[in-house]
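Residues per chain, in single letters:
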Amino acid sequence: MSFIEIKNAKYSYNEGTASEVRAVNDISLNIEEGEFVALVGHNGSGKSTIAKLLNGLVLPQQGTVSVNGMLTADKRNLFDIRKTLGVVFQNPDNQMVATIIEDDIAFGPENIGVLPDDIRQRVDWALKSVGMYDYRGGTPFRLSGGQKQRVAIAGVLALKPRVMVLDESTSMLDPVGRNEVMRVVETLNKKEKMTVIMITHFMEEALLADRIVVLDKGKILLEGGREIFEHREAIERAGLDIPIVMKVRDKLAQMGMEISRDIKDADALVEELCR
Amino acid sequence: MRDVTMGQYYPVKSPIHRLDPRIKLMATVIYIVMLFFIPTLSNYLSRGGNFDGYLLLAGAGYAIITLFLLVVILLSRVPLGKVLKSIKAIIYLITFTAVLSLFFYGGGDDVHLIFKWKFLSLSQESIVTATAMALRLIYLVIGPSMLTFTTTPVEITDALERLLKPLTLIKFPVHTLAMIMSIALRMIPSLMEETDKIKNAQKARCADFESGNLIKRAKALLPILVPLFISAFRRAEDLALAMDSRCYAGAKGRTRMKVLKIRFADIFGFLVVVAVFLSILILRYDWFGVASQILAFIL
Amino acid sequence: MPIVLQNLTYIYSPGTPFERKALDDITFTIDDGDFFGIIGHTGSGKSTLISHFNGLTKLMSGKLTVDEFDLSKKYDYKSLRSRVGMVFQYPEYQLFDETVKKDVGFGPRNLGLADDEIEFRVKEAIELVGLNYYEIAERSPFELSGGQMRRVALAGVLAMKPKILVLDEPTAGLDPRGKREILSLIRSIKKECPTIIMISHNMDEIAENCNKIAVLSEGKLKGVFRPDELFRQTELIKSLNMELPTVTYLATQLNARGYDIDKGITDVDVLVKEIARIKGVE
Chain E
1 MSFIEIKNAK YSYNEGTASE VRAVNDISLN IEEGEFVALV GHNGSGKSTI AKLLNGLVLP
61 QQGTVSVNGM LTADKRNLFD IRKTLGVVFQ NPDNQMVATI IEDDIAFGPE NIGVLPDDIR
121 QRVDWALKSV GMYDYRGGTP FRLSGGQKQR VAIAGVLALK PRVMVLDEST SMLDPVGRNE
181 VMRVVETLNK KEKMTVIMIT HFMEEALLAD RIVVLDKGKI LLEGGREIFE HREAIERAGL
241 DIPIVMKVRD KLAQMGMEIS RDIKDADALV EELCR
Chain D
276 MRDVTMGQYY PVKSPIHRLD PRIKLMATVI YIVMLFFIPT LSNYLSRGGN FDGYLLLAGA
336 GYAIITLFLL VVILLSRVPL GKVLKSIKAI IYLITFTAVL SLFFYGGGDD VHLIFKWKFL
396 SLSQESIVTA TAMALRLIYL VIGPSMLTFT TTPVEITDAL ERLLKPLTLI KFPVHTLAMI
456 MSIALRMIPS LMEETDKIKN AQKARCADFE SGNLIKRAKA LLPILVPLFI SAFRRAEDLA
516 LAMDSRCYAG AKGRTRMKVL KIRFADIFGF LVVVAVFLSI LILRYDWFGV ASQILAFIL
Chain S
575 MPIVLQNLTY IYSPGTPFER KALDDITFTI DDGDFFGIIG HTGSGKSTLI SHFNGLTKLM
635 SGKLTVDEFD LSKKYDYKSL RSRVGMVFQY PEYQLFDETV KKDVGFGPRN LGLADDEIEF
695 RVKEAIELVG LNYYEIAERS PFELSGGQMR RVALAGVLAM KPKILVLDEP TAGLDPRGKR
755 EILSLIRSIK KECPTIIMIS HNMDEIAENC NKIAVLSEGK LKGVFRPDEL FRQTELIKSL
815 NMELPTVTYL ATQLNARGYD IDKGITDVDV LVKEIARIKG VE
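Chains as they are written, first to last, in our numbering: chain E, 1 to 275; chain D, 276 to 574; chain S, 575 to 856.
Take these hints with a grain of salt, some might be off.
To be verified - Calculated from the model, a selection of chain S residues having no Cβ within reach of chain D, i.e. all distances over 12 Å:
1) Leu654
2) Arg655
3) Asn684
4) Arg800
Said to hold, decoys possible - Here are the computed distance ranges between Cβ atoms for each label pair:
5) E/Asp118 x S/Ile852: 36 to 46 Å
6) S/Tyr649 x D/Lys357: 40 to 50 Å
7) S/Asp599 x E/Asp118: 20 to 30 Å
8) E/Lys75 x S/Ser587: 44 to 54 Å
9) E/Gly137 x D/Val549: 29 to 39 Å
10) E/Arg232 x S/Asp606: 34 to 44 Å
11) D/Leu466 x S/Asn706: 54 to 64 Å
12) S/Lys652 x D/Leu500: 20 to 30 Å
13) E/Glu233 x S/Thr808: 49 to 59 Å
No lab work stands behind these hints, which were simulated from the structure alone.
C-beta atoms are modelled at their ideal positions from N, C-alpha and C, and glycine is treated no differently.
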């Protein structure tokens, strides 16, 4: 049994009406602990719905979703599921509950009844993990987008989850902010062995993952490592870009050059070319 | 854009800042109540008091309260200038009321008349009344200001939640209200910023918010209010999802990271306030005949 | 006629302890027909700069002329704002009216135009952004998709028939297809509205579309460059911690490793050819 199992899940908005939208149309996906999985797709491909299915904010109309053996459909599991699997959303502004940052990080642990001294420890640890410890006594007001999202990540970390889902968490950030967030996410996956599910439409971010799942119109189109970028037409038809680094690599390979496929970013390509 | 969530809070470390916010909140309430236990002259006379008795009561009463306030202000390390600035907002109201009572004493016979001109009459009574009224208004503003100078809105909300906890016994939604207040405080700067953005976008399309009569200007606000409301609802929905995801389930089983502890200083401070209140009451109701004795002694 | 800035300076809260120079002695010119890019980190003053162009921010110090408008003198703000159309970030958040038709007509109504002129402009603007007028005119803007809403917001500005269009991060929040479509739309609008000014964080977009790029850093203008010129300014780029377009980044890195390759390459195919050349591949 995998840590996260989505079995033949189906979910439609406005089900049964004229404006029904089949957001998730028979998706099955297994994710093991420690994996770094990227879910990519154009807007409307169903990827954000999956985030909500994973922690039971939304229940599949058909099929099942389970986290660590717990079905989301069983109300009694929701608390534990949400302690195990945390979600960071898209809008940096709309996830904070409190006026003071450390109070907001404490929100999660407070909800699950952690004792005051332990909450303090978790808050400090979470803030240090995302590099925002110095800002703990301040307000979110003057923070940049990247800083706000890091605070949001800390707020989820304080619950000590084993899985972190990032639902387009970098879409509203500038490149600097995106970098900040991606560095934190990579560290969490590599050092804390946290399972990361990254929902994004930025292909450069997807490249960082161990496994990439391409969604299109509610179904899984492609799944695999970086070699999926071979299927250029399919990816472009799905409304996505081939990362430029991959485009360059593929064109060079077509010209007969011996060049690895396992390239995760521009620096890696440069290294490969300089060998 | 100013950080509205901090309101008037003056960020400095002082014994007053460190006091438990619940104590400060209760003390403020007692303070406001005690101000009203110093009655107006006409009220006092109509209940059988005499002019000199009133002078003693009001004089001593306001003196004690002034002393109390000065000590609080000094201990709080908030600059006196800032404190006085808080009166700025109502300075016109105070002046207007004072001048009015100065020349229109409405409490019966003004025994100690100074001069009279047509319907205006200046007398010892009216002077005393005007002064007392002005003082009461000023102190009514300074007291709560000291609360907001030394206590963050978050602390006040927290204190309110904990003080009102007994109301949960009658199913009053204390926690929910406190959460609402806290989230509102959090969202105010964001919504203000958004209002600016929306306003600019509509101005870029030649929207005019300045000219026209009241009705026209009210209608002109629609292009700001509609997007703002929609945005507020969107934020609320996003926030609800985030809260659910972080296991929010209402007050049940909830703990708090910041535990409010009553310390000796808090008890001491509270007792001081109670003492001041009691002394006002003693003067007011002539308990133990204290007031009459002092009066007799002076006269 | 172009936009001319001379020694433009802007200070927030002057004379208070919170005084901050948002713009410091900025001088440059935007010519008719330019697709002018403005880049710089958050806080570099980009937004303050563009809000001067349509008079939203009052000129504090220096000279600024937009077409025939001299912003240091009195001018008719409605004329200026219909000449300079401004589309802010996430413009779909400003939609408010009951129907798409009414919302797009907001600008023309504010200009006091005749009803039939308004109707004509609304129809034209909606078609210009690639939407079908008859399908969409009577619908509520709030029942449209995100991409459609953004186009409606754009139409609302185009209905004022501006000759200069300022866009602040037009592709913010869009997926790759959405980005491509909006940029292609903007390029097609250039025929109607010859001068376009675009703020963007996406260097690929800037490299692809702009003929001139102004670089701002902490309120100061670091220069106005052609794309290929800009990406060869290694020192400037390093000092500003700027992101290069991916293609150019690869070229620069290879160049830094000693390969004989032009640092300023911006096109993928050119890059591939060059790499093939230096690696001796047929």
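key: Hint check, failures only   = 1, 2, 3, 5, 7, 11, 13
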